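Student: Sequence:
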Amino acid sequence: MARPTDYVHDVSKADLMRVVVALATEVFEIRDRQRALESILEETGADLAALDAPIEPAAFDPDLQAERDQFVGRVFEALRQPADARSAQEE
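Numbering (this note's numbering), first residue to last: 1 to 91.
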């Protein structure tokens, strides 16, 4: 059986945790905003079932692609410039 690829063998635990925290922060902000928006929609009598309707994937919208790329960049900044390298630059 083939061994799974280790994509993060040279990444520190601290950098991985920075990625996890960045993702957790993004998810919390999205959930909080979604909760607020759904509450507002319910108060105005909107049918929330429409929120579950299929939507066009971001892959076909250049603006959504750019937004997605910015998000991925923010989340994975720790892997592009690990903490050890940043510390050395700051000294």
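No wet-lab data here; the hints were simulated from the structure.
No experiment lies behind these values; they were computed from the predicted model shown.
Some clues are possibly wrong.
As the list claims (entries may be wrong) - Straight-line distance between alpha carbons at most 25 Å, and here's what the computed DMTMM-like set of lysine to aspartate or glutamate pairs gives: (1) Lys13 to Asp69; (2) Lys13 to Glu56; (3) Lys13 to Glu26.
Student: Against the structure, test the hints numbered earlier, and report the numbers of the ones violated in rising order.
Tutor: The structure breaks only hint 2.
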